[in-house]
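Peer 1: Going down the list, the sequences are from chains H and P. FYI, in the working numbering the residues of the first sequence are 1 to 404. FYI, in the working numbering the residues of the second sequence are 1 to 404.
Quick caveat, the hints were computed from the structure, so don't treat them as lab data. Warning: the hint list may mix true and false statements.
[What the hints assert, rightly or not] With a straight-line Cα cutoff of 27 Å, these simulated DSS-like cross-link-like pairs (lysine-lysine) come out:
#1 H:K269 with P:K22
#2 H:K83 with H:K311
#3 H:K311 with H:K196
#4 P:K319 with H:K67
There are 2 protein chains.
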Amino acid sequence: MFQINDNYQKLPGSYLFSTIAKKVAAFSEANPDKSIIRLGIGDVTQPIAPAIIDAMHKAVDEMADVKTFRGYAPDLGYEFLRKAISDNDYKARGCDIEADEIFVSDGAKSDSGNIQEIFSQDNRIAVCDPVYPVYVDSNVMAGRTGTYDAATGMWSNVIYMPCTRENNFVPEFPKETPDMIYLCLPNNPTGTTITKARLQEWVDYANKVGAVIIYDGAYEAYISEDNVAHSIYECEGAKTCAIELKSFSKNAGFTGVRLGYTVVPKELKCGDVSLHGMWARRHGTKFNGAPYIIQRAGEAVYSDAGKAQLKEQIAYYMKNASTIKSGLQEAGFEVYGGVNAPYIWLKTPEQMTSWEFFDYLLEKANVVGTPGSGFGPSGEGYFRLTAFGSYENTVAALDRIKAL
Amino acid sequence: MFQINDNYQKLPGSYLFSTIAKKVAAFSEANPDKSIIRLGIGDVTQPIAPAIIDAMHKAVDEMADVKTFRGYAPDLGYEFLRKAISDNDYKARGCDIEADEIFVSDGAKSDSGNIQEIFSQDNRIAVCDPVYPVYVDSNVMAGRTGTYDAATGMWSNVIYMPCTRENNFVPEFPKETPDMIYLCLPNNPTGTTITKARLQEWVDYANKVGAVIIYDGAYEAYISEDNVAHSIYECEGAKTCAIELKSFSKNAGFTGVRLGYTVVPKELKCGDVSLHGMWARRHGTKFNGAPYIIQRAGEAVYSDAGKAQLKEQIAYYMKNASTIKSGLQEAGFEVYGGVNAPYIWLKTPEQMTSWEFFDYLLEKANVVGTPGSGFGPSGEGYFRLTAFGSYENTVAALDRIKAL
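In isolation and in its complexed conformation, chain H is listed as follows (with noise of 0.2 Å):
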C-alpha cells in the first residue's frame, strides 16, 4: 500500500495569499459598490516593455519556420541568455561569473522552492523572520524542520533571525550555527536592506562556520543606494559559499512570463563534490530548460532599448514607492522599506494586530495590504504594501489612507 510523504500534513494552513484573496472576495461581495485598491500581492502591473514584445514576435516566428524550429533547448540555458547574464549582471559588476556558472530556469519561485533539494536532509536552516514562505515550506515538504508550534508560529528546528524596527530590519548571526542561511536582499517583505560591508561580514561568517547562504536578489534593480551590493558575488570569498537567485519578474515586468536564474560557482563544494554538478544533474533530470521564446525575451532584458524602457518602468514603481511612503509618513505611520525596494513595510497604529490592521484597511479604505504576521511571527504587528499599482491607483490609495 503506497503512502505518503507526510511532511506534507504538517504544513499549517493555506497560503497566505489565498487567505487574502479569499477574505476580499467576501467583502467584494459584500460590498458591490466599493472600488478595491489592490496594494497586496507583489504582481506587475505595467505592460512587457517595446524591446521584449519585439524579441517574443520575432522567436514566435522562428518556431513557425522549419529553417529556424527550435526543439529541446540546452537543459541550462541557451548560451545567448548565459552570456548576456554574465556579461551584464555579474561582469560588468567586476563579479567574475561565467556564462556556465549560470542556470537558466521557469523563475526564482521554481528556484528557490528546488535548491534545498541537493543539500542534506540532516541540514538546519536559519531565515529572517519575517521571510519569504517558500524558502521554510519546500523545508518542511523535505521534512527539514521539525515539529510546528502554532503558539508562536515556529518550526522547532529553523533558526530565525528575527528582522524588527529594534534591529533596524538587519539579521544578525544566529546563536546557533546553521548549515543553510536563507538571505533575501533587498528584503521581501520588510523593503529595507544591508550595507556591502554588512553583507561581506555574512560571506566571512558563512565561509568561517561552512554554512552555504542561498541569496535571494529578486529585487536587485531596484536598489538606489550606492552602498548596498547588487549581488553577492560583490563580496570577497562568496563564491566558496553563496548560490544567488536572480528573477526576471519584478525588474522586467516577467510575473506571467516565467524567467529567472540561478548562480552555482564551480568553487562551491562541499569537500571533493562540486555544488555546480549536482544542480546540473538536477535541471537534466527534472528540468527541460525554459521556453525559447521566453529566453530570447530575456536576452531583450539586456539590449540597449530594453535597458532604457526598463529603467523606465523601474522609475514608474519607485515613484509609486515613494508616494507610499511620504503619504504614509504624513499620515503620521511609522514606515520602512521602499527605498532599495518595491515594499513598504509600516507598524500597525494603535497596537493592531497585522490581521486586524488589514480588516481595518479593507473596510474602512478599501485598500488590500498584506498582513506581516505571514511572513513570520517577527512580521506581527506590521503590514505590507507594495508599489506595483499603476500611479492612479496608488495616488487614490494613499488619499483614502490619509482621510482615514
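Fit chain P to the supplied structure of chain H, relying on the hints for placement.
Peer 2: The following block gives chain P in isolation, referenced to the frame of chain H:
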C-alpha cells in the same frame, strides 16, 4: 558545516543523451566530410502549426498593453486551458475528469521527475525495463532506490518489469508488490503498447494491492489502433489509483515551447488524505504557473484549425515511422513499435551489444540512434530509432542502412 544530499553521488555516469552527443561530436570532428543523420534523441523537427503561432502572437500583443497585460497566472493553470484539456482529452472520450483535476505545468519531464515528492520515502517503485531514465533517476535522488549494482545495471530496491520480445513488450505483474508503478504507454523506448483490456487488468491490480500508477501518456497522439486506450481513465476504477502525465511535446511539437499537464483525480486518496490537495500544495509552493503566452499556445492545440494542422503533423511523423519500419524489415532486421508510437525498436543483428551497434551505425551509415541498454538492462541487444526527423533524412538514413 553544510552537507549535500548524498543520494546524488549514487547516480551512475552521465545522462544517456550526453554520452551520445559526445560520441557523435568526436566522430564528426574526425570525419568532417560525413553528413550525419540524427534519429536518436526524441526531439521533433517540424515547425509549430500556424494556428498555434497565431495564438502566441496574439498573446504576446496582449502582454504589450496595460489593459490586457497578465501577471502571475493561477498556480494550477488558466481556466481556459484546463477546460480545453478536460473537454477534449477527457470528456470527449467519456472520461469524467474535471478542469480542476488538471494541473498545467512546464512539461511532462518536470512532472515525471517531481511527482515522487508527494510520496513516502519508504515506497517501493516498479518500472518497466527498458524505461525512460527520469523515473528511476528522480527516485535515486530522493533516496528510494537502494544501492546500484554496476554489473547488472540494477538498483537493489527497484522492482523491474522486463519488457522484451519474449513477452511481446507487455509488462507482467511483478512478484513483489510495488507501492508506485510507472507505466509509459505507448512506450518510450520500445514504441510498443498494450491493449485497453490489459490496461484494465493493471488498474484492477493497482486497486487490489493499494499501489498508485504513474501513467505517462506522452505519446498518446500516435495511437492508431482501436483497442488501445488514449487515457488510463478509460479504465474503470482508474480514478482511485492513477495519476496521468501528459505532454504537448510530441502531439504539438512543444519540445522547445514547454507545456504539459498532470491529472490527479480528487478520488485518489491515501487514507483520508487527498493527493490532489498535496499536488496543489506542491505546485503552489514550488512552481509559479506556465507562461501565459504558452498556455494560449496550448489552448490553440484544441482549436479546430489546430487539431487539423496537428493531425497532419502526426501523419507526417507516422509516415516516417512506417518508412523506418518497412525499410528495416526489408534490410532483414527484427523490428517492433512504430504503429502506435513514433519509436522503432530493433533487435541488434549478429548478437551485437547496443553500444556496438550504435558505433557500427554511426561509422558505417553515419546514422545516430539510441542504444537500448541506455534505457535499462533488458534494453541490451536492442536499439531505438525515432520518427521525428524530416522525411527526406528518414528516407536517406534507411537507404544507407539498407546498403550496409
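Peer 1: Against the structure, test the hints numbered earlier, and report the numbers of the ones violated in rising order.
Peer 2: The structure breaks none of the hints.
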